[in-house]
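Work out the full structure, taking the sequences as your base and the hints as a guide.
Here the protein sequences come in this chain order: A and B. Using the numbering used here, you'd call the opening residue of the first sequence number 1090 and step up by one each time. Using the numbering used here, you'd call the opening residue of the second sequence number 5 and step up by one each time.
Fair warning: there could be bad hints in the mix.
In silico SDA-like pairs for lysine to any residue, Cα to Cα no more than 20 Å straight-line [as the list claims (entries may be wrong)]:
id, chain 1, residue 1, chain 2, residue 2
1, B, K43, A, V1094
2, B, K46, B, T80
3, A, K1132, B, P105
A few chain A residues that don't get close to chain B, going by computed Cβ distances all over 12 Å [claimed, not checked]:
id, residue
4, R1103
5, S1110
6, T1183
7, S1195
Stretch-level coverage of chain B by chain A, calculated; a stretch enters the list once three of its residues show a Cβ under 8 Å from a Cβ in chain A [unchecked claim]:
id, segment
8, 44-52
9, 73-79
10, 100-110
It should be emphasised that the hints constitute simulated quantities derived from the structure, not laboratory data. Note that beta-carbon positions come from the ideal geometry of N, C-alpha and C, so glycine has one too.
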Amino acid sequence: EVQLVEAGGGLAPRGGSLRLSCAASGFTVRSSFLTWVRQAPGKGLEWVSVIYSGDYSGGNTYYADSVKGRFTISRDNSRNTLYLQMNSLRAEDTAVYYCARLRGYSYGTAFTNDYWGQGTLVTVSS
Amino acid sequence: DIQMTQSPSSLSASVGDRITITCRASQSISTYLNWYQQKPGKAPNLLIYGASSLESGVPSRFSGSGSGTDFTLTITSLQPEDFATYFCQQSFSTPLFTFGPGTKVDI
Chain A
1090 EVQLVEAGGG LAPRGGSLRL SCAASGFTVR SSFLTWVRQA PGKGLEWVSV IYSGDYSGGN
1150 TYYADSVKGR FTISRDNSRN TLYLQMNSLR AEDTAVYYCA RLRGYSYGTA FTNDYWGQGT
1210 LVTVSS
Chain B
5 DIQMTQSPSS LSASVGDRIT ITCRASQSIS TYLNWYQQKP GKAPNLLIYG ASSLESGVPS
65 RFSGSGSGTD FTLTITSLQP EDFATYFCQQ SFSTPLFTFG PGTKVDI
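What follows is the structure, encoded as structure tokens:
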């Protein structure tokens, strides 16, 4: 059974840092496309970052403009875990952060988030 | 960047109703469109991918259609557990797949 379990959220000062983790089971993170998506209180979903499969796509990483240069997505294949290092935190980074797996379809030309973690709340104090 | 809009932003319905939610992309995205359901305090749940393909385990009262820039999610015979917020997402513009703002369905 595929499961994703996030941890590491909490209260951080403005300008501070947090590292989120997402422990995966039922599949290998090394072979998967994985994303972080966040949701500010009472708001919609915002795509934050993606890491491509290390096996097939070189493990490339991409970021939303709102977090570029401050956040870093990575994975530890030995722990089967995804991470999001968040630095220089701002009040607007306050949100529930979800990790989610991307599943390809249409011969890998399209993707959908098929499994999501339960989310972890990050609060940046102002 | 591709912008996604949804209408209505909220709607009130009753059990047994048929409802339709619309999602529009700022440019053509072929059929690279996903729909998710989210209940309060929970993670989103995949309903439809590829504009019209029903995810395994999702009830058949959910259906999706559309291509290009205009898409719809239809729920026939609304059930109590369907009251939630629905989001569309484009996966045409890699690598960042933007979401629509959501449509809240309540009683």
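Hint by hint, here is what the structure shows:
no., hint, in the structure
1, B:K43 <-> A:V1094, "holds (18 Å)"
2, B:K46 <-> B:T80, "violated (23 Å)"
3, A:K1132 <-> B:P105, "holds (8 Å)"
4, R1103, "holds (25 Å)"
5, S1110, "holds (16 Å)"
6, T1183, "holds (16 Å)"
7, S1195, "violated (6 Å)"
8, 44-52, "holds (count 5)"
9, 73-79, "violated (count 0)"
10, 100-110, "holds (count 7)"
When each numbered hint is compared with the structure, violations occur for hints 2, 7, 9.
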